[in-house]
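Participant: Put the two chains together into one complex; each comes in its own frame, and the hints tell you how they fit.
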Amino acid sequence: MSSAFFLNWFATIPDYAAPLLLAALGLIICERSGVINLGAEGLMAVGAMSAVIVSFNTSSPALAMAVGTISATALAVIFGIAVVYFKTNQVLSGLAIVALGAGITGVAGRAVAHQPVPGFERLNMGFLSEIPWIGKIVFSQNIMIYVCIVIVIVTWWAIETTRYGLKLRAVGEDPATADTAGVDVLFYRFIAVLCSGAFCGLAGAYLSIASSQVWVEGMIAGRGWIAIALVIFARWRPLRALAGAILFAGADSLIPRLQAIGADIPVYLMLALPYVLTLAVLIIPAVLFKRADVSPSALGLDYLRQDRH
Amino acid sequence: MKRFGMLLGLALLLITISPQAHAGFGIEGDLKIAYIMGSTRQDGGWGESHGIAIQAIEEEFGVDVAVTEDVPEDTVRVKQIIDLYVRRGYNIIIGNSFGYSDAFLEAATEYPEVAFMNAAGVTNNQKNLESFYLRTYQGWYLAGMIAGAKTETNKLGMIAGFPLGLVNWDINAFMRGAQEVNPDIELAAIFLNTWYDSVKEGQASEALLEQGADVIATDLSAASALNAAEQLNRFSVGFQIDMTRHAPTGHLASVLLVWAPYLTDTIRKIRAGEWEPSEWGAFVGIETGSVALGGVTGDLPDDIRARIEEARQAISEGKFTPFDGPLNNQDGDQVVAAGESLDDGALWQMNYFVEGIVGTMPASN
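As they're listed, the protein sequences go chains S and A. For the first sequence, the residue numbers in my numbering are 1096 to 1404. For the second sequence, the residue numbers in my numbering are 5 to 369.
Some hints could be false.
[Stated by the list, open to error] With the Cβ distance kept under 8 Å, some of the chain S side facing chain A (calculated, not the full set): (1) Ser-1097; (2) Leu-1158; (3) Ala-1208; (4) Pro-1211; (5) Leu-1302; (6) Arg-1352.
Hint data in this document are derived by calculation from the structure and do not stem from the laboratory. Backbone N, C-alpha and C fix where the C-beta goes; we use that ideal spot for every residue, glycine too.
For reference, chain A alone in the conformation it holds in the complex (with noise of 0.2 Å):
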């Protein structure tokens, strides 16, 4: 239900921003930024993607970030952590876990001169804590123009974890930049229920492989998914970092996690005292850099090439989202109308598959 409520929330920013004129979260003293994580810096996706961020605000600001891995999402022993790194004069606390939000909610308000950011948390107070998400879905529908130019049996498919909004609405991106240069293609989605399981991931795959697909991405982190697609020639699409290195030949793209600017910006603004969290969160995307391809394929022909620039540069400007209408559920029936788009809350309650995707979703029943 918290996330519910972030989902609303989300909604309501866009009408409800308005210039106020306080002054802005500002700390003392020198920086020192200290990272909580959730898994590790070389976990192939998630924590790999913050590592990569540890590195630019290390370089921008010349410090050195403290960094506390594999820290479970257990309120009392994040506290614990934020507990000790506060005592040690830490002032600007990063954490990138869902599970965090309570703890650093609890956090912001007993230590009211720290900043406190979290990645995927859905906690904010206003005065300084923000919690940070990325579109990601827009990165998908670049990828899914990619995967839809390349792929001769016109079948594509997809690995997931679970199926939550920020799940769906990757796997519904990468069909409708598919379909944008495509139209004939299907799209065969697969939930695991599982973030880790390196196995499955690669079985998956290869199920997708049997059906004909041949594009594999993945919504996950293993090397697996595309190993699999590598093997049998046919091409992949990763996701959270650059996956080239798993599938040197049939890589096409990844669609990568930058945290980096919107930290970056944030912590020189905490610097100049003018940080102003917002009440909803930040959620940002393709115009800040913070969602991008990486590793795209040299062999893509130029006009495709062209469209796709085309796009990144129109979703970046805000003239267009991967969700405009007329938009058809799995089933046919419309769910934005033409010359309608979809506005964040109903992106973070997407519970259904577009048009032309193979696969149950179970939220929609």
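The shape of chain S in the complex, shown without the other chains (with noise of 0.2 Å):
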């Protein structure tokens, strides 16, 4: 393997772990307010195909990406306004999401199915592209690319920093207490939920209008399901998730890259490394720290002011 193979590889992974870190760090900001949010799946679906579809009509990448952030956000509107404030089932309602988003990505996107879109492309920073190595991976990726790093730390920042993520934080924790102390539990959870709307979205549209410019039925393929396993790696943190996201990345770009050399692996272990993956990263932090349960204390639990103790 020459040093042309890594290089590639390396450069690739940004445009792999992009939408899984989106998406992961949505479902974060959810779950810290204490909402199981299985829906990503769908989420990211109406991302996606809304995306292409205003960018087959306007060949508007940045505006493809507003409103594929935008439809998504709408989806997840009604999932917030049934758990949070109707207090449905969490998980049956995410589940619900998964199939609506099904639904209606294939019956709307029909028009614009395999209709090639335009994209990003990958950027030219002049002299920083040039540096050897550093410049391939660091300074030629697509624009999506330093917009997510961006969100990645106004996440952080924001959850771990502010006062608002304090309060977010606490209505996850103990929504008692929060309330008592003056949060309004329900709204916080109520807009938390439409970040994780908003992120997925932009992780679909990301897919469909970064990575492989067309839209196909069913292409998040399980990434959504992924992004969820991903929350749960990171421990429920943002700057884990990025890491979390990478380490993915990197072995879902190598396989393609291994099979194109013809390395000689067994292929069927590798078809499987994903869903290998998923459970590694399931398993690996549990038997690492188990010291504590790190979840939001009252995720997946309704809150009842009335039933406050």
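Facilitator: Shown next as structure tokens:
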């Protein structure tokens, strides 16, 4: 294996990692407020499909990303109203969102299925992009990768250091106490659900606009579920999600590369790798940090003021 | 195991076709045709190729074909849809999924007065049900000749779904065709373990391009594979429908699935009361135009063009097949001796790569 092999491999990792990371960040915000969101797959599907409709009709990838984000947020409004205000079962509602997303996109996306659309070019930052190795890996990605890095940092900063982040975490850990302290528990949860919709929508739009520049029914292909696994691997921390996404993307992007050079490795094992890895990211933290359950204490629990004790 | 049964059957068919004098199947009254599809007519590949056939049927017989799309491979659901069509008086029902096989067999037994056909199916009853598939490898062989002539790096890349016989023969035939015009050629093949993940299809193509492949062939349907090649000014080969629009400059050819010849011919026989469904299903190819090349690049040397036409002729006339011996597998072991060829049963069970292909065949060990 030549050094070019590794250079090409490393340079593609951000493209594999970005959608997983964006979706995982949205889910982290949502779950830190105490709401389990299993609807990522459906939200991403809506984001991917609506972005392609816009990109196909306007040839503006940036506008497409925005619309993808907004339309998935709109779907998240339904989920939010259901689970936050009407206290429906969070797990079942999430699964319903998956089905709803698949259904909506199958019907609404017909006209744009398999239509190539414009995406994002890899940037050329002059001399920065010329630096050996670093130039290709760090300074020659598409614009959304840099947006994604900014989003990770802002999300981390907002959750871990701001007053709003503190309230969000309080709502997820002990809603009764937060309520007593004057935090609007349901409102915070609702906003957190909307954030997960927006982030998942952006992740879906990334897949259709930046990664493949085409929309095909069912193209999310389980990435929403992998994002959910990443959240648990990251132990609900944004920066750990970044590390997890890179790890996962590294393994996932290695598979076709090894096949392309004809490396003599068991193909069935490689094809199973994403799933083996998903299992591994769930098991490893459980083994390594068994001292405490770090999931938000009120995760999955409805909050009713009259039940306060 | 059902597929295996069909494979064995297809092999036997070659030796046991015997003229039988019983009257064929026919229907009474006007043609009422229904099509049950696993995907939509805009799915970019399989469904779209069937959509083209539906149009041809409508034009030829002057009827409106009723279509139900997105029907999952669920025997109960498929059977319910068939029941409904039969109750409404439909007398020819066509499916297009492997997973409809059981439902079609059940329905054919229950409604002996209705004709049933199922693409990629594996059930047949010799009375009113016939499954049908295309010899896609014939088209891939010709596409391989084009790719072999056009490549400058002598490296081809191909992405495919699952390591099944009907996928492996596409890859192998593509390589055989390329080797025919360019003995130094190398082909790297990647299985993606999915039929519809456009993201993976694009990313795997990029990996092949990085390794120096200058022709990307897709055995799948997403535009992302062709787009990846187009962006680097490399060549591409499409499948199922004419994919020129995905790569206007680099597209060399697409291997087309043409269902209309078999379907119109069969419907004509049904109308005339002469249909005799085969025990082993129909397996048609280039000789009836059921497999063809579309969107062939204009930029091709005359001698290559002539050789492709010659090969097409020879395959149509049955004088030549892409898997005539001597044929060695990837490891250099002889699979077919000189002077021999693969029968249909061996085709369906093809679980190896031919010599010169880089990649690991999961089914071989």
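Participant: Now, for every hint given, state plainly whether the structure supports it.
Facilitator: Evaluated hints:
1. Ser-1097: violated (10 Å)
2. Leu-1158: violated (20 Å)
3. Ala-1208: At 5 Å from the nearest chain A Cβ, Ala-1208/S passes the 8 Å test, so the hint holds.
4. Pro-1211: holds (5 Å)
5. Leu-1302: Leu-1302/S check passes; min Cβ-Cβ to chain A is 5 Å, inside 8 Å.
6. Arg-1352: Holds, about 5 Å.
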